[in-house]
Amino acid sequence: MELTVTGLTKQYGDKIAVDKMTFKLEKGVTGLLGANGAGKTTLMRMMCGILTPTEGMIEYDGHPVNSEEYRNVLGYLPQDFGYYPEFTGMDFLMYFCALKGLDKKTAKFRCKELLELVGLEDKAKVKVKKYSGGMKQRLGIAQALINRPEVLILDEPTAGLDPKERVRFRNLIEDLGKVSVVVLSTHIVSDIEHIADRIIMMKNGHIIWQGSWKEEDGSLEEFYLKEFE
Amino acid sequence: MDIEKYYDRIYRYIFFKVNNKALAEDLTQETFLRFLKTEAKEPDRFLYTVARNLCIDEYRRIKPVSTDDEEALNVSCEFEDDLVTKVSLRDALEKLDPEDKEMVILRFVNEEPMSELCRIFDMSRFAILRRLNRSKSILKETLERRPANER
Amino acid sequence: MRDKDLKRELQEYAGDPDFVKKDEFIRSIKKNSAGKPVNLFTMILVHARYIRAYIWLLSLCILAFAISVNDGIFIDKIKALSDFMPFFAGLGIIEAFRARVNKMNELEKVTVFSGKGVFFAKATAVCFVQFITIILASVLLRLSLGAGILYSSMQILIPFLITNILCFIVERTSFGRENEWSCLGVAAAVFLVKRITLGGLDMFFYLDMWVVFVITIVLLAIQIYEIVKTVKLEEKLSWN
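Residue numbers (the numbering used here), protein chains in the order written: chain A, 2 to 230; chain B, 12 to 162; chain C, 69 to 308.
Honestly, the hints are just simulated from the structure, not real lab data. For each residue, glycine too, the CB sits at the ideal point set by N, CA and C.
With a straight-line Cα cutoff of 27 Å, these simulated DSS-like cross-link-like pairs (lysine-lysine) come out:
(1) LYS32(B) <-> LYS179(A)
(2) LYS109(A) <-> LYS52(B)
(3) LYS113(A) <-> LYS75(C)
(4) LYS106(A) <-> LYS99(C)
(5) LYS16(B) <-> LYS124(A)
(6) LYS32(B) <-> LYS89(C)
(7) LYS98(C) <-> LYS105(A)
(8) LYS99(C) <-> LYS109(A)
(9) LYS32(B) <-> LYS75(C)
(10) LYS147(B) <-> LYS75(C)
(11) LYS75(C) <-> LYS106(A)
(12) LYS113(A) <-> LYS89(C)
(13) LYS109(A) <-> LYS89(C)
(14) LYS28(A) <-> LYS32(B)
Computed, partial: chain B to chain C, Cβ under 10 Å:
(15) LYS32
(16) GLU36
(17) VAL115
(18) VAL120
(19) LYS147
(20) LYS151
(21) LEU154
Partner residues aside, some chain B positions facing chain C, computed with beta carbon under 8 Å:
(22) TYR18
(23) TYR22
(24) ARG23
(25) PHE26
(26) PHE27
(27) THR39
(28) PHE43
(29) PHE119
(30) GLU155
Based on the sequences and whatever the hints tell you, model everything.
Here it is, written out as structure tokens:
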């Protein structure tokens, strides 16, 4: 399980969103830290194969990022996503099960299992438009897990979650990091401080620091703020 | 073989036999691996048979002296978690015949259809219903007798 | 004690297997077994299932109208259907672009049936349903009116294709992106222009059959080109 990014660049006109980024990710949780505008979302979209890089390459175990083999093992939660207004929570997940190639019977089991995992089992038949922000985010996380992804890319996944949901989410991510490559972006240090095996700090499309952070290294938040001065 | 459909069911089936979460998980995975290797042409419900046999093998591994299958299935205390708290339910289940206990697990826990139970136990619907009702009464009676704070 | 309480207690006693262990195991099993083949046809079928009811209802109404008893006024039924086609096309385009309007398109792109193929599959599914409706309507018009299939299908297809093409162009602009119902405006415009230019007469009054045929083929080709162009441009997203 290895996600390799080499010389990745994304340029829009004369604006460079991501500038020659190179790194390798293995099983575990990688936190992508950076302010809004750092290029995190652009990087993640390229890692999902939905945005073509201007230069550079992304591969997963030798498969290019726009291949079916990769999409088969990929789960993605964008920063902002919507839903068809008539969908209930269950409908929403069933729809994505269909798009991810699950047959109807398997899809039903899977949806029930995922709704239980994210604590939405009693909201399955409620329309998504009636969900709170936190519930919607949990539904999005459930959607990302449908195909048991080996690579999980989560863009600001804790936005809208209350403290209790945040803790639940962190525990889930920590567990998933034991068996998948998890990349999550945030500008909130506490989200990843204790669960990330590796941290990449981004600013203006560059990596300004990367490595692992242990408790004995001190406060990640202080270090992060210092690097951004 | 529909692993998504059967994984949880096989896990729960084994758990009721061994009363140990970690062991139940290992045996569940072993069930599927063995099924795929040797019994792949059998229908999915054969997974239960494979699981059952694995539990017997495991018990024999721990306690090689016993040769009685029924005893092996009935006395599962060797595998129990130290921290088992739902003693009353376990006690209630132990009051049932092994075959009745299996029926209860398959019907109430795994929600297998009656047609499956008829096939597995080679009995009529009427006979199975009769035994399930009797098991239900025994379980309810035992559980209702436990102190209020344990319910 | 109620049956369902007993059932619940039994199920809770067993609990659930560890999610992560289960996840890893099932993934390893699935990886070693053959995957399901993915083809365009399956992809289109999946999206067809999610086309909203009103598109199907409109299609049925069109077919019902086509087979309905003719009261002797030969041209009017075909003209009526031809007049309705811009709106049928506009609503179809709105349906095809639903994912973008409802911000589902990013999620949809990251699926097995995917890449930019998702939009293509969705647009194709909708166009396919509408196209079949038009062909069937032409056949039914032959049965109810005795009208030539080619004659009636071209009359219906041309305003449909023109509207479709214009809608695709509009959807590529920021105005189209921001206004979900802009296609209905396009449909209304096509309807009015058709009425004004043709008056109460059909296009065969002004043009030879073979000219109309060539126009239809050219429009079909442009339609396919527009779908492909839109699919390629779907990637252009705003960045943070």
